[in-house]
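Visitor: Whenever a hint applies, use it, and build me the whole structure from the sequences.
Each residue of the sequence shown is one higher than the one before, counting from 159 in the numbering used here.
Please keep in mind that the hints were generated in silico from the structure rather than gathered at the bench. Accuracy of the hints is not assured; some may be wrong.
Think about it this way: if two alpha-carbon atoms lie no more than 20 Å apart in a straight line, the pair counts; the simulated SDA-like pairs of lysine to any residue are [said to hold, decoys possible]: (1) K266 to V221; (2) K212 to W262; (3) K238 to F250; (4) K212 to G259; (5) K212 to K266; (6) K265 to I231; (7) K238 to M249; (8) K242 to L254; (9) K238 to F252; (10) K191 to S179; (11) K212 to V181; (12) K266 to I231; (13) K212 to L222; (14) K265 to F223; (15) K242 to F252; (16) K242 to I231; (17) K265 to I255; (18) K212 to M249; (19) K266 to F230; (20) K242 to F230; (21) K212 to F230.
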Amino acid sequence: MELFVSFAFLSFLTFAMLFLSWVFGPSKRTPIKDKPFECGSPYLEEGIKPFPAKYYTLALLFVLFGIEIAFFIPWAIIWKEGNKIFYLGVMFLFILILAIGFIWAWKKGAMNWER
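Guide: What follows is the structure in structure tokens.
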């Protein structure tokens, strides 16, 4: 019941804020406001200049390997109990797959900053 009351109250509050901002908010139209807007690009320019994709690739690899490394924590917790040889084999297999992915990305030049 408390969950329903909280949801109803927050829904009411959300719609009340939206309604009040629509009623009392400024709504004067100007020619500049009617122009298309691109984030980070002044309205007189043609568009945003291209950004090299190597930064995106490197950032995605960083996130990917960072998330994979986070699997070491649960492994370290379950290491204390149970079959240690099995858990060691599983972790070596995981590290092998991680190393293969790392070597593949390295050979593809994903970590080459000057490409």
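Visitor: Could you tell me which of the hints above the structure violates, numbers in ascending order?
Guide: Going through the list in order, the structure violates hints 6, 11, 12, 18, 19 and 21 and respects the others.
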